[in-house]
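Work out the full structure: start from the sequences and follow the hints.
Just so it is clear: in the sequence shown, position 255 is 254 by numbering that gives the first Met the number 0, and no numbers are missing.
Calculated directly from the structure, the hints in this document are not laboratory data. Hints are not guaranteed to be accurate.
To be verified - Computed Cβ-Cβ distance ranges for the label pairs, DEER-style:
#1 G75 to G277: 47 to 55 Å
#2 T256 to D62: 19 to 27 Å
#3 F116 to S28: 27 to 35 Å
#4 D275 to P87: 19 to 27 Å
#5 Q22 to H100: 31 to 39 Å
#6 Q90 to E39: 29 to 37 Å
#7 K85 to E193: 22 to 30 Å
#8 E196 to Y16: 35 to 43 Å
#9 Q22 to P192: 30 to 38 Å
#10 H25 to G226: 20 to 28 Å
#11 H253 to A42: 20 to 28 Å
#12 V30 to E224: 30 to 38 Å
#13 H281 to S173: 23 to 31 Å
As the list claims (entries may be wrong) - Taking lysine-lysine pairs in the BS3-like style, the calculated list, with each CA pair at most 27 Å apart, reads:
#14 K152 to K223
#15 K74 to K249
#16 K272 to K45
#17 K36 to K185
#18 K272 to K74
#19 K203 to K74
#20 K36 to K187
#21 K74 to K208
#22 K187 to K85
#23 K249 to K185
#24 K187 to K267
#25 K203 to K36
#26 K74 to K267
#27 K36 to K267
#28 K45 to K233
#29 K203 to K272
#30 K74 to K152
#31 K223 to K233
#32 K185 to K272
#33 K223 to K203
#34 K185 to K45
#35 K187 to K74
#36 K249 to K223
Yeah, the Cβ is synthetic: ideal placement off N, Cα and C, and Gly gets one too.
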Amino acid sequence: MINVGEILYTNVHPFFYHLNRNQFQHDVSFVPSIPAKLNEAMAQGKIDVGAISSFAYAQNHEDYVLMPDLAVAAKGEVGSIFLFSKVPIEQLNDKSIALTHSSATSIHLLKVIMRRFYEHRGNTYHTVPPIYDEMMSNHDACLLIGDDAIEAKRREEHQVYVYDLANLWTANTSLPMTFAVFAMRKDKLAEEPEGMEQLLQEWKSSEAKTRRDGYEELAAHVSKEYGGPPSFWKQYFTNLRYQFQEEDQKGLLHFYTLLYEEGYLHDKADELKVWDVGVGIHSIT
0 MINVGEILYT NVHPFFYHLN RNQFQHDVSF VPSIPAKLNE AMAQGKIDVG
50 AISSFAYAQN HEDYVLMPDL AVAAKGEVGS IFLFSKVPIE QLNDKSIALT
100 HSSATSIHLL KVIMRRFYEH RGNTYHTVPP IYDEMMSNHD ACLLIGDDAI
150 EAKRREEHQV YVYDLANLWT ANTSLPMTFA VFAMRKDKLA EEPEGMEQLL
200 QEWKSSEAKT RRDGYEELAA HVSKEYGGPP SFWKQYFTNL RYQFQEEDQK
250 GLLHFYTLLY EEGYLHDKAD ELKVWDVGVG IHSIT
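Structure representation (structure tokens):
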């Protein structure tokens, strides 16, 4: 049995929309949840493979191997990871910021942005449930991700200052930001290489099919399920980068360097271990 983590956010829909869950030659069980819970489950061995926070890979890089050609990244606006603030970001030093409990990467990206790009080192952070009104009633700013962030921006973008974290990252580094990677537990890969290869090919195929029509079909489906016009969702998916290319890998390694320098990682994650199907595991530095 291969236990597969499935993030419950629209940003991974291209990998799952055309996935034929009944055609796997191996026993596969899908476990849907938010990123933070999937990160924890994979670290505990309850999940064998799936999209996890890129920060979680850095924490467990000795035990994990990355699937090639799969990620959720953005160069410029990501469109679903926002800092909402009562004051301009330049004035946020020493202010209180509420953090969603749903993600690890976005939380640490925000902290890196505040410390390295704005030299804000006096902030207090509080991790709370992702409920916008409650977060903002008790804090000066809040961080939301995924569909919670999209909905809050629709309602609040003219009431407060709104900052797209990927846009801030790219503006200061000229690099894309990778939020999620597809990782496998190294021990499970050794046990189930054929099953892992089929998952990889199915995910790549689904993503390619959604991209082929410019995300028209997927955007219409998501619009019915989550609201918002199809044109919004089409632009949202178009802005994301799903193939984990060399530039994405470079941006991710730079993120890991800053995390280590700021003390958010205990060990340097200065290489990416990627599975080369049919060959083995190779390192990217």
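Evaluation of the provided hints:
1. Between G75 and G277 the beta carbons are some 35 Å apart, a value that contradicts the proposed interval 47 to 55 Å.
2. Separation of T256 from D62 is about 21 Å and conforms to the stated range, judged on CB atoms against 19 to 27 Å.
3. For the hinted restraint 27 to 35 Å between F116 and S28, the CB-CB distance of approximately 41 Å leaves it violated.
4. Judged by the Cβ atoms, the range 19 to 27 Å given for D275 and P87 is violated: they are separated by roughly 46 Å.
5. The given range of 31 to 39 Å is respected by Q22 and H100, whose C-beta atoms sit roughly 35 Å from each other.
6. Taken as a hint, the range 29 to 37 Å holds for the pair Q90 and E39, whose Cβ atoms sit roughly 35 Å apart.
7. The hinted range of 22 to 30 Å is not satisfied by K85 and E193, whose Cβ atoms lie roughly 53 Å apart.
8. With their beta carbons about 21 Å apart, E196 and Y16 fall outside the hinted range of 35 to 43 Å.
9. With their beta carbons about 18 Å apart, Q22 and P192 fall outside the hinted range of 30 to 38 Å.
10. Taken as a hint, the range 20 to 28 Å is violated for the pair H25 and G226, whose Cβ atoms sit roughly 37 Å apart.
11. Checked against the hint of 20 to 28 Å, the pair H253 and A42 passes, with Cβ atoms roughly 24 Å apart.
12. As the Cβ distance of V30 to E224 is approximately 20 Å, the hint placing it in 30 to 38 Å is violated.
13. A hinted range of 23 to 31 Å for the beta carbons of H281 and S173 is consistent with their spacing of about 26 Å.
14. Distance hint between K152 and K223 is fulfilled; the C-alpha atoms sit about 19 Å from each other, no more than 27 Å.
15. Proximity of K74 to K249 is assessed by CA-CA distance (about 12 Å); at most 27 Å being required, the pair is judged to hold.
16. Taking the CA atoms of K272 and K45, the gap is near 21 Å; set against the 27 Å cutoff, the hint holds.
17. Annotation: proposed proximity of K36 to K185 holds, straight-line Cα distance about 20 Å (limit 27 Å).
18. Our distance criterion of 27 Å between C-alpha atoms is met by K272 and K74, whose separation comes to about 22 Å.
19. For the given pair, K203 sits about 20 Å from K74 by alpha-carbon distance, which is consistent with the 27 Å threshold.
20. For the proposed pair K36 and K187, the alpha carbon gap of about 19 Å is at most 27 Å, so the pair holds.
21. Between K74 and K208, the direct Cα distance comes to roughly 22 Å. Compliance with the 27 Å bound is thereby established for this hinted pair.
22. With a C-alpha separation of about 46 Å, the suggested pair K187 and K85 falls outside the 27 Å cut-off, and the hint is violated.
23. Between the alpha carbons of K249 and K185 the distance comes to roughly 23 Å, so the proposed pair stays at or under 27 Å and holds.
24. The straight-line distance between the Cα atoms of K187 and K267 is roughly 24 Å, inside the 27 Å bound, and the hint therefore holds.
25. Among the hinted pairs, K203 with K36 is consistent with the structure: their alpha-carbon atoms are about 24 Å apart, no more than 27 Å.
26. This hinted pair checks out: K74 and K267 have alpha carbons roughly 24 Å apart, not beyond 27 Å.
27. The suggested pairing of K36 with K267 holds, with an alpha-carbon distance near 24 Å, which does not exceed 27 Å.
28. Simply put, K45 and K233 have alpha-carbon atoms about 34 Å apart, too far for the 27 Å limit, and the pair is violated.
29. Distance check on the hinted pair: K203 and K272 sit about 19 Å apart at the alpha-carbon level, within 27 Å; holds.
30. In summary, the hint linking K74 to K152 is supported, as the alpha carbons are separated by about 20 Å, within the 27 Å threshold.
31. Taken as a hint, the K223 and K233 pair is honoured in the structure, with Cα atoms around 13 Å apart against an allowance of 27 Å.
32. Note on K185 and K272: the hinted pairing holds, with a Cα-Cα distance of about 10 Å set against a maximum of 27 Å.
33. For a cut-off of 27 Å, the pair hint linking K223 to K203 stands: about 25 Å separates their Cα positions.
34. Of the supplied pair hints, the one linking K185 and K45 holds, its CA atoms being roughly 13 Å apart against a limit of 27 Å.
35. As the CA atoms of K187 and K74 are separated by approximately 32 Å, the hinted pair breaks the 27 Å bound.
36. Under the criterion of a C-alpha separation no larger than 27 Å, the hint pairing K249 with K223 is inconsistent with the structure, at around 36 Å.
Against the hints set out earlier in the document, violations occur for numbers 1, 3, 4, 7, 8, 9, 10, 12, 22, 28, 35 and 36.
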